[in-house]
Amino acid sequence: MNATSSGGSNAGWFSALKLIALLLVLWQALAWMVGDVAMRTPLQTMTFTANLLTSPSFWPHLAETGRAFGLALLLAVVIGLAIGFLLGINRFASDVLEPVLVALYSIPKITLYPILLLMFGLGVAAKVAFGTIHGVIPIALFTLAAVRNVRPVFVKTGRVMGLGTGRMISGILLPAAMPEIFTGLRVGFSLTLIGTLLGEMFASQRGLGFMLMNAIGLHNVDVIMALTFLLVLFAGSASGLLLFLNRRLYQRA
Amino acid sequence: MTSIMTTSKPITPTRTPSAPGAAQVSLRGVDKEFIRPGRSGETVHALGPIDLDLRRGEFFAVVGPSGCGKSTLLELVAGLSTATRGDVTFEGKPIHNRIPDGVGVVFQEDASFPWLSVRENIAFGLRRIKIDPKERERRIENALAMMGLTSFAHSFPAQLSGGMRQRVCIARTLVTEPRLILLDEPFGALDQQTRLLMGDEVLNLWRKTGATVFLITHALDEAAMLADRIGVMSARPGRLIDIVETGWPRDRDSRIVQEEAFGAITARLWRSLRAESMKAIGKPEVEP
Ligand SMILES: Nc1ncnc2c1ncn2[C@@H]1O[C@H](COP(=O)(O)OP(=O)(O)OP(=O)(O)O)[C@@H](O)[C@H]1O
Ligand SMILES: [Mg+2]
Numbered sequence: 001m002n003a004t005s006s007g008g009s010n011a012g013w014f015s016a017l018k019l020i021a022l023l024l025v026l027w028q029a030l031a032w033m034v035g036d037v038a039m040r041t042p043l044q045t046m047t048f049t050a051n052l053l054t055s056p057s058f059w060p061h062l063a064e065t066g067r068a069f070g071l072a073l074l075l076a077v078v079i080g081l082a083i084g085f086l087l088g089i090n091r092f093a094s095d096v097l098e099p100v101l102v103a104l105y106s107i108p109k110i111t112l113y114p115i116l117l118l119m120f121g122l123g124v125a126a127k128v129a130f131g132t133i134h135g136v137i138p139i140a141l142f143t144l145a146a147v148r149n150v151r152p153v154f155v156k157t158g159r160v161m162g163l164g165t166g167r168m169i170s171g172i173l174l175p176a177a178m179p180e181i182f183t184g185l186r187v188g189f190s191l192t193l194i195g196t197l198l199g200e201m202f203a204s205q206r207g208l209g210f211m212l213m214n215a216i217g218l219h220n221v222d223v224i225m226a227l228t229f230l231l232v233l234f235a236g237s238a239s240g241l242l243l244f245l246n247r248r249l250y251q252r253a
Numbered sequence: 001m002t003s004i005m006t007t008s009k010p011i012t013p014t015r016t017p018s019a020p021g022a023a024q025v026s027l028r029g030v031d032k033e034f035i036r037p038g039r040s041g042e043t044v045h046a047l048g049p050i051d052l053d054l055r056r057g058e059f060f061a062v063v064g065p066s067g068c069g070k071s072t073l074l075e076l077v078a079g080l081s082t083a084t085r086g087d088v089t090f091e092g093k094p095i096h097n098r099i100p101d102g103v104g105v106v107f108q109e110d111a112s113f114p115w116l117s118v119r120e121n122i123a124f125g126l127r128r129i130k131i132d133p134k135e136r137e138r139r140i141e142n143a144l145a146m147m148g149l150t151s152f153a154h155s156f157p158a159q160l161s162g163g164m165r166q167r168v169c170i171a172r173t174l175v176t177e178p179r180l181i182l183l184d185e186p187f188g189a190l191d192q193q194t195r196l197l198m199g200d201e202v203l204n205l206w207r208k209t210g211a212t213v214f215l216i217t218h219a220l221d222e223a224a225m226l227a228d229r230i231g232v233m234s235a236r237p238g239r240l241i242d243i244v245e246t247g248w249p250r251d252r253d254s255r256i257v258q259e260e261a262f263g264a265i266t267a268r269l270w271r272s273l274r275a276e277s278m279k280a281i282g283k284p285e286v287e288p
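Residue numbers (our numbering), protein chains in the order written: chain G, 1 to 253; chain Y, 1 to 288.
Just to be clear, a hint being listed does not mean it is correct.
Stated by the list, open to error - Not the full set, but computed from the structure, chain Y residues with beta-carbon under 8 angstroms of chain G:
1) F34
2) I99
3) E109
Said to hold, decoys possible - Covered by chain G, per the in silico footprint, the following chain Y stretches (three or more residues, Cβ under 8 angstroms):
4) 110 to 122
5) 125 to 132
Said to hold, decoys possible - So the derived label-pair ranges between C-beta atoms look like this:
6) Y:Q192 / G:A16: 47 to 55 angstroms
7) Y:A158 / G:P152: 15 to 23 angstroms
8) Y:R136 / G:R159: 16 to 24 angstroms
9) G:S106 / Y:M278: 48 to 56 angstroms
10) Y:E109 / G:S237: 37 to 45 angstroms
11) Y:H154 / G:T165: 28 to 36 angstroms
12) Y:R207 / G:R159: 25 to 33 angstroms
13) Y:G210 / G:S239: 38 to 46 angstroms
14) G:S239 / Y:A158: 54 to 62 angstroms
15) Y:A158 / G:L243: 15 to 23 angstroms
16) G:T165 / Y:T84: 38 to 46 angstroms
17) Y:A145 / G:R159: 24 to 32 angstroms
18) G:D95 / Y:D101: 30 to 38 angstroms
19) Y:A158 / G:W32: 49 to 57 angstroms
Since the hints were made in silico from the structure, they are not lab data. What you are looking at is a predicted structure, and each value in this text was computed from that prediction instead of being measured. For glycine and all other residues, C-beta sits at the position ideal for the given N, C-alpha and C.
Please model the complete structure; the sequences and the hints are all you need to start from.
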């Protein structure tokens, strides 16, 4: 990496730190205003989070959510990319099906939950399904647009070289569309996480979502704050990492 | 059509044409119509009818007013699209929307892959070709050297000028050792001086590879300087209205622009094209 780009990422780190400091100040102020019926201060939250992380009963829940989320994300990415590529390559199919995807996407997914529960029962399968249906459509839509935006001259180049469909996808379409697909993956990542947690909150006996729902029922503000903090931390750093990778990709393009 | 062929008179009859050879590409009664998007069934007659033979090893240039169907013609020869009527054959075999082996194409737009380095871009040309690693390296190094890109092998296209990116595309085609190289206004975006020098590069690679070169250009002087024969196209639907034999020796370079014959060829091209170019910009035909 050269001097300018590392200088650029130093500046990036600095502004990220400033943002975090600002958020902590706002949080502290809000906690004072609202009082401890509903919130805890950053320091109290972090102390409690540390306690939570050392308690053995917490880890099985985390593992459960991690597994469900990992599986849901994997499915959302694989299915989303497949749908996106199929439709992106096939102009006619995409003209017909893109509006359908957009319509599906705008349904509040929570209304599908009873059906999914009946299909999959209480347990991991339902959570995974719920996570996947949240994430899959944005990934498919972004991929579709990305593939369709690949410059025709790249495709012609591939055809002149005699590349078949497989090589055309892996050698030309995928790398050419990658920067835009990445944006879809970032959006899909957050939505899949939300979906998985929602799934756990409404019908599950395990997982962070279940813990959260339980804490809400018991009005346990400490647990609510600690879990929210952990989730924000996880989602924030994962999204930051994806953004960083995305920038690296764009830098070369 | 044969009547069109007979209009071609060598400008300098004392010299022999530099690359006589058997027909490598032949087009017979070729027409191309496009379906106009939106309106049902309405078509645009973009090209033809065209009758043309490209001789093996010759340097053939095409000039014509903008929008007359030059790129359309190139895509038909490359097998990227199918003729509405007529036949296109390459080395005796018909091209039916199937990409023939042995044909390399450099497009009008920049087609270098931004996600690959210069070297990787060039190596990409060999993706489907099974050769041993040593030969592979040799071809890549050769193409890098021939296009003056050796010191930029590890740069990315975004770091190069437009002319260098086009050279990357030419090099990516060269490694496949094509017998026919199709170039669609590869230097259209470059300044005049660079274009003349790039012309020398193309002449060089034409001599070294022995391939047939089919060059589309909008610059009459470029055509006059580089080609053995120049096809002049009418306004859309593009037909060949003249074929000019230049009679240049094989080991020519950009210095031939000083020769008298060069002026005569350019003048003849312009005489054929003037009325057509006016049609293309929507002005009525005016006889001088
Ligand atoms: N895919 C297409 N669908 C409809 N019309 C097309 C298509 N491709 C080309 N045309 C039309 O065919 C005609 C010839 O186009 P072409 O690109 O071959 O011209 P050209 O001589 O290469 O022009 P230029 O000098 O600007 O590169 C134009 O009128 C163009 O609008
Ligand atoms: Mg063109």
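Consistency of the hints with the structure:
1. F34: violated (15 angstroms)
2. I99: This interface hint holds because 5 angstroms falls under the 8 angstroms limit.
3. E109: holds (5 angstroms)
4. 110 to 122: holds (count 6)
5. 125 to 132: holds (count 3)
6. Y:Q192 / G:A16: 47 to 55 angstroms: Hint holds: Cβ distance 49 angstroms, inside 47 to 55 angstroms.
7. Y:A158 / G:P152: 15 to 23 angstroms: holds (20 angstroms)
8. Y:R136 / G:R159: 16 to 24 angstroms: For R136 of chain Y and R159 of chain G the Cβ distance comes to about 22 angstroms; the hint holds.
9. G:S106 / Y:M278: 48 to 56 angstroms: holds (54 angstroms)
10. Y:E109 / G:S237: 37 to 45 angstroms: holds (40 angstroms)
11. Y:H154 / G:T165: 28 to 36 angstroms: holds (31 angstroms)
12. Y:R207 / G:R159: 25 to 33 angstroms: Holds - the Cβ-Cβ distance for R207 of chain Y and R159 of chain G, about 29 angstroms, lies within 25 to 33 angstroms.
13. Y:G210 / G:S239: 38 to 46 angstroms: violated (56 angstroms)
14. G:S239 / Y:A158: 54 to 62 angstroms: violated (26 angstroms)
15. Y:A158 / G:L243: 15 to 23 angstroms: holds (20 angstroms)
16. G:T165 / Y:T84: 38 to 46 angstroms: At 26 angstroms between Cβs, range violated.
17. Y:A145 / G:R159: 24 to 32 angstroms: holds (28 angstroms)
18. G:D95 / Y:D101: 30 to 38 angstroms: Roughly 34 angstroms apart at Cβ, these two residues keep to the hinted range, so it holds.
19. Y:A158 / G:W32: 49 to 57 angstroms: holds (50 angstroms)
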